[in-house]
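Student: Listed below are the residues making up each chain.
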Amino acid sequence: DVKVTQSSRYLVKRTGEKVFLECVQDMDHENMFWYRQDPGLGLRLIYFSYDVKMKEKGDIPEGYSVSREKKERFSLILESASTNQTSMYLCASSLTRTGLEQYFGPGTRLTVT
Amino acid sequence: RKEVEQDPGPFNVPEGATVAFNCTYSNSASQSFFWYRQDCRKEPKLLMSVYSSGNEDGRFTAQLNRASQYISLLIRDSKLSDSATYLCVVNSNSGGYQKVTFGTGTKLQVIP
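Going line by line, the protein sequences match chains A and B.
Each residue of the first sequence is one higher than the one before, counting from 1 in the working numbering.
Each residue of the second sequence is one higher than the one before, counting from 1 in the working numbering.
Some clues are possibly wrong.
[Unchecked claim] With a cut-off of at most 25 Å between alpha-carbon atoms, the simulated DMTMM-like pairs for lysine to aspartate or glutamate come out as follows: (1) 99/B with 22/A; (2) 107/B with 101/A; (3) 2/B with 51/A; (4) 45/B with 26/A; (5) 45/B with 17/A; (6) 57/A with 7/B; (7) 42/B with 59/A; (8) 45/B with 30/A; (9) 3/A with 3/B; (10) 55/A with 39/B; (11) 99/B with 30/A; (12) 99/B with 17/A; (13) 99/B with 72/A; (14) 13/A with 43/B; (15) 57/A with 1/A; (16) 3/A with 43/B; (17) 45/B with 79/A; (18) 45/B with 59/A; (19) 45/B with 28/A; (20) 42/B with 1/A; (21) 2/B with 28/A; (22) 45/B with 101/A; (23) 42/B with 72/A; (24) 99/B with 26/A; (25) 71/A with 43/B; (26) 42/B with 28/A; (27) 2/B with 59/A; (28) 2/B with 101/A; (29) 45/B with 51/A; (30) 99/B with 59/A; (31) 42/B with 26/A; (32) 107/B with 38/A; (33) 70/A with 38/A; (34) 42/B with 30/A; (35) 13/A with 51/A.
[As the list claims (entries may be wrong)] Some chain A residues well away from chain B (every beta-carbon gap over 12 Å; in silico): (36) 28; (37) 88; (38) 90.
Hint data in this document are derived by calculation from the structure and do not stem from the laboratory.
C-beta atoms are modelled at their ideal positions from N, C-alpha and C, and glycine is treated no differently.
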């Protein structure tokens, strides 16, 4: 079974703090994704990566950056957290660049106060 | 217009009922389609792919109508355990990558 893990289930941070969200997958998948999910807005893609050290902007990259130094690990960074970044963050991976089935981690609920 | 649109529901149905959800998409060049299921406070998981000829998996039937640009999910003999949010997912080719767009989901509540 594919396993995607995220470093925290719940996180509370203060406005202006730098926040790191970590995601690890154990199935040697090429593609990794970061989404945020908000009521009424659904899942929105922040960034994705199709290879080590490669990254592509998704639909809402502003205020975020990412890092992929190893194939199994994809990090989302909030350089200076703001209250409008309070959300559920979901990491996903898929086998190939055209990879159709995405496997999701359990999510991190981030609250910025 | 949203790229992928779903009725948010909730659909409240009694056990044993048949229920159907539709999902419309705006990009006529979309290539592949899926239904994901998301339980409350859990991550989305793939329920089934949607093939052009329609496909069935037990009590679940998925259909694609390219002319009208919608996909559907039919659930027969609803069980309490079917209560969840059902996400429609559409893939299209964008600059050499598969662009994956999720709908906002349709909530189903099956009532005893």
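Student: If a hint holds in the structure, say so; if it doesn't, say that too.
Tutor: Hint check:
| no. | hint | result |
| --- | --- | --- |
| 1 | 99/B with 22/A | holds, 23 Å |
| 2 | 107/B with 101/A | holds, 21 Å |
| 3 | 2/B with 51/A | violated, 30 Å |
| 4 | 45/B with 26/A | holds, 17 Å |
| 5 | 45/B with 17/A | violated, 32 Å |
| 6 | 57/A with 7/B | violated, 28 Å |
| 7 | 42/B with 59/A | holds, 23 Å |
| 8 | 45/B with 30/A | holds, 19 Å |
| 9 | 3/A with 3/B | violated, 30 Å |
| 10 | 55/A with 39/B | violated, 30 Å |
| 11 | 99/B with 30/A | holds, 15 Å |
| 12 | 99/B with 17/A | violated, 31 Å |
| 13 | 99/B with 72/A | holds, 21 Å |
| 14 | 13/A with 43/B | holds, 22 Å |
| 15 | 57/A with 1/A | violated, 28 Å |
| 16 | 3/A with 43/B | holds, 12 Å |
| 17 | 45/B with 79/A | violated, 30 Å |
| 18 | 45/B with 59/A | holds, 21 Å |
| 19 | 45/B with 28/A | holds, 19 Å |
| 20 | 42/B with 1/A | holds, 17 Å |
| 21 | 2/B with 28/A | violated, 33 Å |
| 22 | 45/B with 101/A | holds, 9 Å |
| 23 | 42/B with 72/A | holds, 22 Å |
| 24 | 99/B with 26/A | holds, 23 Å |
| 25 | 71/A with 43/B | holds, 22 Å |
| 26 | 42/B with 28/A | holds, 23 Å |
| 27 | 2/B with 59/A | holds, 13 Å |
| 28 | 2/B with 101/A | holds, 22 Å |
| 29 | 45/B with 51/A | holds, 23 Å |
| 30 | 99/B with 59/A | holds, 10 Å |
| 31 | 42/B with 26/A | holds, 19 Å |
| 32 | 107/B with 38/A | holds, 15 Å |
| 33 | 70/A with 38/A | violated, 29 Å |
| 34 | 42/B with 30/A | holds, 24 Å |
| 35 | 13/A with 51/A | violated, 30 Å |
| 36 | 28 | holds, 19 Å |
| 37 | 88 | violated, 9 Å |
| 38 | 90 | violated, 6 Å |
Of the hints listed earlier, those the structure fails to meet are numbers 3, 5, 6, 9, 10, 12, 15, 17, 21, 33, 35, 37, 38, in rising order.
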